[in-house]
Amino acid sequence: MNRAEIVAWAEANYLDLEFTAARRWLAEEPGRKAVGFLPVYAPAEIIHAAGMLPVGIHGGGDRIDIIRGDAYYQSYICHLPRSVVELAVTGRLDFLTGALFPSTCDVIRNLSGMWKVMYPEKYSRYVDLPQDFAKGVGGDFWTHELRELVHDMGELRGSPITEDELRKGIGDWNRRRALVRKLYAKRRDEPHNVPTDELYQLLRAGEIVPFEEFMTMAQAYLDVCDKDGRRPRDNARVIVIGAFCEQPPLGLIRTIERAGCYIVDDDFLIGNRFLTREVDCSGDAVRALAETFLNHTVANPIVYERDADGKKKLVGERLRAARAEGAIFSAPSFCDPALLDRPMLQAGAAREGISFISFKYAENTGQFQQFREQAGTFSDAIKLWGNV
Amino acid sequence: MSTVVRDQSQELQKQLISGYFDSLSTANEDGKKVVYTFVPGNLTELIRAFDLLPVLPEINALQYGMRQKTGQFILDAEKAGHSEDVCTYVKADLGMIRAGNIGPTGKKLPKPDLLLLSYTGCYTFMKWFELLREEYQCPVVMLHVPYQGDGKISPAHRDYVVQQLKEKLIPALEELSGKKLDEDRLKEMLKLSAMAEDDLVAVFQSAKAKPSPIDAWFGGVYYIGPMFTAFRGTQAGVDYYKLLRAEVEERIRLGKGPITPEGDMNQERFRLVAEGPPNWTSFREFWKMFYDEGATVVASTYTKVGGTYDFGFRHDYTRPLETLAEYCGECYTNRNVPTRIDMLVKYVEEYEADGFIINSVKSCNSFSAGQLLILREVERRTGRPGAFIESDLVDPRYFSAANIKNRLESYLQMIEARRAGGHVSGLEVSP
Amino acid sequence: MNAYLGIDLGSTTTKAVILDEAGEVLGRGITNSRSNYSVAARIAGTEATIDARFALLGRELGDLDQTGLPASFRLEQYLTQLKLLGQIVEEEGSKGRSATYGKPLLDKLVEILVAMEGAELERFARKEEAGSNFFRDRAAADFAKFAEERGDRKGVTFEALLAVFDRAILRVENADVDVSFEGNILRAVERIGGGDVRVAVQKIRDTPLVMAASVGTGYGRARLPFPREQIRSEILCHGLGAHAMFPETRTVLDIGGQDTKAIQVDGAGIVTSFQMNDRCAAGCGRYLGYIADEMNLGLHELGPLADQSKRPTRVNSTCTVFAGAELRDRLGMGEKREDILAGLHRAIMLRAMSLLARSGGVNDEFTFTGGVARNSAAVHALMELVEENYGKRILNISPNSIFTGAQGAAMFAQRSFEETQHAPAVSGGAEVHA
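Chains A, B and C, in that order, give the protein sequences.
The opening residue of the first sequence carries number 515 in this note's numbering; numbering runs sequentially from there.
The opening residue of the second sequence carries number 41 in this note's numbering; numbering runs sequentially from there.
The opening residue of the third sequence carries number 148 in this note's numbering; numbering runs sequentially from there.
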């Protein structure tokens, strides 16, 4: 398969608000089920281990009019939940047997309860992530939560999930994360060969298509990036911070790139690489999954920062790891996690003399002029005067 | 505004709170150590058992809000890089620190020796103390209280909190105070807590009388003051609630309505239930809009942010750590949307309200996200109309008096018109 | 006879409606709201009374327009106000900075006033329709025209003349000038030669029209010189007014200059639920005003232009603050004006849709009121969205929709009066210009 074909496949899935790929998979065999999950981090491997299809719910972006969704949310609440509700009340999510709402922020937390009111016949669960990181405390809690989830997923599919299935499912997700990390490493090393708008759509497709299909396509994409070498340009290398929940419109990603920036690290769809190391599947895989979370996640505002200097160090660390020259703080409007974190991160960036710019978007932002101007000036400044 | 009419319990309440701020202002000189924490899930008895002083930044922010000082603090925090989109309590607090950390009563506030991050019912709390840690360079203890996603506290959740108390918080408090936890003392305090809690619940429930002798929202915020700040588990707290209860019972006997800043409100024309916090920067003006129309709030959810006592919870001294853990999990904003709807429906029905009002504050997604669904559900289940008002906690830019008055008046007139039209049945609502 | 007055004090216009004893609309009046709300209320009330008198006259005489009496009456009203304007202009011309111009300025002012009177008389003779019902608008247009002809760059400038007018017109608007029926009708009758009309006019003029009760509503209602019990919220008045105009109404959408309201009413016109927009003005009439200014178009031109669009642009933001920038950006990118406008109209209606959904949906029949209901593109966008989301609905738009709130208020006045009739104590009504 060539690049254009893979990208066309990814784009078609990204644009598809009817979730055709998931519906097709469900129709292929009677009894199949799909369970959705919202950002940022949900243990999707457990849905997968149950033989059900995990479906990432990331709203409708700039592709649907919000009519009834706005009737559920005041103007000062971010855009994501209104488009999720819009998808739901228009029947586009009716193929889901259940949905998981992770502890991202109070808006998604409360949506879990709204779901219970709106869809009492469907399974829904609030997934509270541990904010204590001791094995015998937060570890026990999270193991307990995961075991309940395992139990519930077993009930949903109609039979208990076996330990073998869990080991296999969690192992599959290890492979998946490893592949995503490879893609990210490839983009970091050769951003001219891995444009972010392509990578992003590929990963968005991965949120809704069956596991093997994604693995095949992602590997194929990696292969074409190896083969079909493009010429690097004199672009500024930047990391994009803050877009981990409500996703930016594709136009925003393209605007940043076309303004002369290579995005070499970002937070987009960060749930699929939230754990930073493989889960040991040789023994009690659920316990291992829980304990991996305690000490091996990316730094993200949805998890309590234990290191008093952690926020200040973060931008510099990420910048160096990505060999980037500047940071773009790009957060959704009214996003508590991103916007409350931002001053701490920026103070750290300023301490290290790191260049950065900041802006806010909504998933349905349609105008990019101001972003284009800012990002263009930023990349020019970096190229002319370097970082500092 | 003219002189405010107060009764005895109000005087006592005022003395308690100002005495508390006085003790804070001299904490450093007195060699007292200070623990900052939040109202929901505040572990006052535990902190006090170590002779440490609790400081509650939300209370500072709201007290400053009532004194119309928060506008500038918020602007200062925004100038320093904080987003206009986020919680104004946090920004008011950060602005206050920049302005020299003088408390709302004009006296100095002590710096924290420990930040006890009781992570209960509000995401912003986590960021708030991460931010304060940068200001004060002091240790933080994260006490993670699981959310009631399923509408209950499971034994596993309680045990998780207890484990954190044992393994993190108590050792940290022992280290800070230089003394071991005296469990008997803690139990004594918890006993006092339960006594005061009984009286507080009686005060809340007095609003079932007609006319209601209290306003359970605007008046209610004064009643919860001692309980939610530093006086739970103290004799002073017990005395205050005993006095308050006696006064309220006397008002029922005399058939009196609530006391307002302009005196007794006698004609009760509307009985309302309130969801959400009030606005603090125009608190009096907002309240006046209600009592001028003869509208009394007979039950409110905001007065349950520091504990949902009227749904049965009491501190149980025989199981000190478990009871504290359960307390943390019971706070209103830690309850899920279906439970909140149930509570409101129960309030509307048990307190025989004509309707309910939601004050949706921009700052607080924990409260606000989902309120429009809550509005429709409570209307559907009770058949009584709800009003939806938007404002903020302490950002004066978000209080539009004309707009709010217009909505409130329209709403009350609608209730009146429906009464006249003999409407008691449910609404036709098709979302 | 008894009559009932409703006044709707809006942010841009003040409306009055008078009902007769049968509850039928007898008269309507409208004026622009001004800083002095009680003057605006009085003028709207007077206008409605005049309209009511003419309606009664019409019952006697049939088609009044044939008699020329209404036009003649308008002329007399205009001349009465113009006379006052002349006096005040003279005073203002001798004050402050204007005084430095001395006699030349005053001479020119007198010339202008004379020309204005001549122009109005000519229009009357030609039976020309007035461009505006408001004295301020008509006088301003004429004054500016004649001042421009007489302005002199070196001596008395156009600006100096206009400055006098600007001060004077404010005083005229707030002055107690008699534009009433009885104050002007006899002169109007003489101007058209009297005749048969005179008897009927005398009869109507002598019929007492007693305002048995009045109710105020609208944005500025708290500032009306009415006792508290005579003030009703505009939500209730709109609901009842819409019910009166279209009795099968169950959902009302009102989009005015300052706010948007979605109201559900029952079979008796009683409001069962309502929602208003938040503090953001996006989605209100004012937003369209910004857009019109930005495009250098008149407000009434927006709809027809948008209707020409074949491919509406997708506009996601209706933020007034960004409207101008977004518009320029899109125009700069070569998008067609009509396409952008069609997109904007749709975006505004999306906001209205969310308010409707909050209030309880769109039930049959659906009545659309307020200034924006006169915009064809807005109506099309709304109906498209309603049909997509709720199915087909009967849409009502009254040509008198601007009076919906005032009519509801008048109905409340009538109801409260009739209730007090059954009660022992009766609060007396006031006789207005009997």
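Warning: the hint list may mix true and false statements.
Ranges of calculated distance between the beta carbons of each label pair, as one might list FRET restraints [said to hold, decoys possible]:
no.	chain 1	residue 1	chain 2	residue 2	range
1	C	Y437	B	E207	52 to 62 Å
2	C	D476	A	K696	58 to 68 Å
3	B	E302	C	E237	50 to 60 Å
4	A	R747	C	L444	41 to 51 Å
5	A	L670	B	N68	51 to 61 Å
Straight-line alpha carbon distances no greater than 25 Å define the calculated DSS-like cross-link-like pairs of lysine-lysine that follow [said to hold, decoys possible]:
no.	chain 1	residue 1	chain 2	residue 2
6	B	K227	A	K874
7	B	K73	B	K250
8	A	K649	B	K147
Just so you know, the hints here were simulated from the structure itself, not pulled from any lab data.
We put the beta carbon where it would ideally sit given N, CA and C, even for glycine.
Hints versus structure:
1. Separation of C/Y437 from B/E207 is about 59 Å and conforms to the stated range, judged on CB atoms against 52 to 62 Å.
2. Remark: the range hint 58 to 68 Å for C/D476 to A/K696 is contradicted by a beta-carbon distance near 39 Å.
3. For the hinted restraint 50 to 60 Å between B/E302 and C/E237, the CB-CB distance of approximately 51 Å keeps it satisfied.
4. The beta-carbon spacing between A/R747 and C/L444, approximately 44 Å, falls within the hinted interval of 41 to 51 Å.
5. Taken as a hint, the range 51 to 61 Å holds for the pair A/L670 and B/N68, whose Cβ atoms sit roughly 57 Å apart.
6. Note on B/K227 and A/K874: the hinted pairing is violated, with a Cα-Cα distance of about 50 Å set against a maximum of 25 Å.
7. For the suggested pair B/K73 and B/K250, the alpha carbons sit about 47 Å apart, so the restraint of at most 25 Å is broken.
8. At most 25 Å may separate the alpha-carbon atoms for a hinted pair to count; A/K649 and B/K147 exceed this at roughly 43 Å.
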